[in-house]
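Student: For reference, the chains in residue letters:
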Amino acid sequence: MKKLIPALVIVAALAAPRFAQARAVTLTTTLRNFGGYSAYVVLYLMDPQGQYVRTLWMAGGRPYYYRHLGGWLRASRGDLNGLDGITGASVGEGRTLTVHTDIADALIDAGYSIHVDAASEGMMESPAEIRMPLKAADAGKVEHGRAYIARFSYTM
Amino acid sequence: MLRTFHKLPGLLAAVLIVALALSGAILSVVPALQNFSAVDAPAAQVTVADLAANVARHVPGISQISRQPSGRIIADYATDTTAGSDIIDPATGAVIAPYAPSGFVRWMTDLHRSLFLRDSGRMATGFAAFAMVILCLSGAFLLARRMGGWARLFTRARGTLPQRLHVEIGRFAILGLLLSASTGLWMSLANFQIVSNGLDATAAFPVAVDGGTPKPLAQLAALRAIPLADLRNLTFPTDPSDVFTVTTSQGQGYVDQATGQILSWLPHGPMRRIYETIYMLHTGQGLWSLGLLLGLTALCAPVMAGSGALIWWRRRRSLPRLKHNHMAHSADTIILVGSDGNATWGFARTLHDALTEAGYRVHTGAMNTLGKHYAHAQRMFILTSTHGDGAAPASAAQFMARLAGLKHAPTFPVALLGFGDRQFPKFSQFGLDVAEALDARRWYAMLPYDTIDRQSAQEFARWGRSVGEALGHELVLNHQPERPRTRMLQLVERVDYGHEVQAPTSVLRFAAPEGPRTLWQRLTGQTGLPRFDAGDLVGILPPGSDLPRFYSLASSGRDGFLEICVRKHPGGACSGFLHTLEPGEMVEGFIKPNPDFRPARGRHPVILIGAGTGIGPLAGFIRGNARGRAMHLYFGGRDPQSDFLYADEIETWLGERRLTSLTTAFSRIRDRAYVQDRIAQDAQQLRKMVQRGAQIMVCGGRDMAEGVMESLELVLAPLGLTTVALKAEGRYVEDVY
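The listed protein sequences derive, respectively, from chains B and R.
Add 22 to a position in the first sequence, counting from 1, and you land on the number used in this note's numbering.
Add 63 to a position in the second sequence, counting from 1, and you land on the number used in this note's numbering.
Bound conformation, chain B alone (with noise of 0.2 Å):
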């Protein structure tokens, strides 16, 4: 038992400084009933001068599929490293796509922005289908697409 107390200190102590640079934040993404197949959605991050710095949740699990999320591909450069543990299901019409992540306080009213592909098998491709920018006044604001996504908002 006595062991047992300094070994849980240090992991607190690494952990730490994690929360307390980062934010917890949760994205909501409402598809339309656009009639199609169920869509690929992938959420990503961008710096202030338009260069990806990583994805924050891929809802489709075949990646032959990706070239069709035109705005992820040529900014990640079809990167799928990196994909593990934020790759879920397509998401069907109409349904809502719920994210939690954790973003570095640093990112936040930086000039970084949220971007969102869709695409559905047979349909058009919707790169870039929502470019939000990163702003904790921003948060709960809703931004509607233009072909797939209804709604889409976060909150932090």
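Bear in mind the hints are in silico, worked out from the structure with no lab data behind them.
Where a beta carbon is used, it is the ideal one built from N, C-alpha and C, also for glycine.
Take these hints with a grain of salt, some might be off.
Non-contacting residues of chain B with respect to chain R, defined by C-beta distances greater than 10 Å in every case (computed) [to be verified]: (1) 111; (2) 148; (3) 164.
Facing chain B, a subset of chain R residues (Cβ under 8 Å, in silico) [what the hints assert, rightly or not]: (4) 139; (5) 262; (6) 263; (7) 265; (8) 268.
Per label pair, the in silico range of CB-to-CB distance [as the list claims (entries may be wrong)]: (9) 144/R <-> 50/B: 14 to 22 Å; (10) 55/B <-> 656/R: 56 to 64 Å; (11) 120/R <-> 55/B: 42 to 50 Å; (12) 99/R <-> 110/B: 37 to 45 Å; (13) 87/B <-> 656/R: 51 to 59 Å.
We have chain B; now place chain R onto it with these hints.
Tutor: The following block gives chain R in isolation, referenced to the frame of chain B:
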């Protein structure tokens, strides 16, 4: 073994397969519809650059142009607030109509792919495709075995209605079903990434773009080089630093919007080409006529599933349940059975029960179990049927190999009995092969090799008497293949012939017993008789006997009566009983279908040859020939004054053109002759008819049938034909007793 490979996937996946086949058949129409509704392709020299320029003029916010396999062009557009797709005229780039994929097709496709169950459903459909591949392959081998070899695959199917349906529809549909199933399986494997579909490879994204002023679309050199017919997909750049993404039938790459040059290009790899070909074959997209054909064969799958299940169920229901079956090593009597269906098992059970009752310790097993340790055996019986044209039946498939593996012949004697059908060119061939093999290995025979034709219970009972003699006591083998459910039949009319020529023969006409008919029978006009056709058999149980005697039916159920011709045999229990029958009296009987003895469908002439009571079913065919198809009757009797059966009716039928010609031969008059003599005399006309596709049907005693066959061989020889060849086509059928 092979049968198990067919049965298991069939039973496990039948429902799934039917669902996939029906949805697939519906989807198969889609590519054809798309093809006929697609706008004609423009001249061959139209390039992707031309099309892109035209479309951009008509569609603001153009983001992508796609060419579907049917040639239809779809343009996607997106502005700040709206997005959508239009169908485009490929020649002008003008919008024809907004594009909305059909919800019905999507629903059906979802069902076909995944049963609306996403990945678990996709696994199930993949399994069904795999089961279907196994069913097709095992079915092909079973079919070849049943028909007697690959060369005879398309000869006439025999057997019960479900069996014939299964064979006829199966061999029509098997290639289409195999193609659909194997391509479907490949697509399923690709979907689960077990095999690659090559779609994940994309050309390396260009490191640098020119970034200068975009060139007019029509002047982009790389797009000018691609004919429209090669285009799959062209994605427009979203900003000045972006590029055109183009996919063609050859590969995929990026084009600079300022220079018009290709920046990066990846030709399609072999896996992608394989996948695309398989996709096309499976869906018919880009090959609509094949799609329709596959859809048609898919419609056969439910029939195959239904008939297959019925065949399985009937086979299973007829499986014998043996009582007091001793272990092989403790039994003094061994019975080995070679059987495909279960008819032979039924005979084995009769033997098993009779021997058990006589106090023997009996072990009954499949011929494939030969070689067990028979420590106390004193005798062995082998009962075997033949599969198809001389092959071993399922439960004897390994018998020959096991026999060859035995070091010594046993010390006890063996009795071998072969079951078969004399209609087949090689009668009980496997039984004969076993007899020769046993002989060659110096097995001691208890009895000479014997055969049973068409499951005759009488022949089996006779064999039982010989077995009894060999065992030194009486042995009664009273075999009944599932005691049939009998009905009462009431004699309504009898016409007697042949008394003067010592061949007393009666035409007996039965009806359902008089009595109140049910409301349903009155409403539907049913006669109360079972269903049957001329050529089927009626089994009659004489009073006090459980052994039925079979008579060929001279009428069909539609005639409203059941008619047979019976000749009185000296000492014949059943024929004697029937000959004493007076109108109003009853007999107990049941129908045994004999579907192979029927005029073939179509308008080809039919040559009917019968002697004595053999005219019965032939008369039934003539009576039913309301459409006036050419039917030529050869009838043999003893004396036209005495045993010319149906003489008056035949005159009427000739007048009504139900019968085309009549040729008779009588053996007890001055100008004596047999039917085979008349056949020889008419050789020329008969040859002509056979050349026109005529079918020959023979009914009568064995001697007469052999005489007719010899005579016909001479008739057929100049045509290069034999009765064996005609039999294989179903153009020479016999009902011989």
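Student: What are the numbers of the hints the structure violates, in ascending order?
Tutor: 1, 2 and 11
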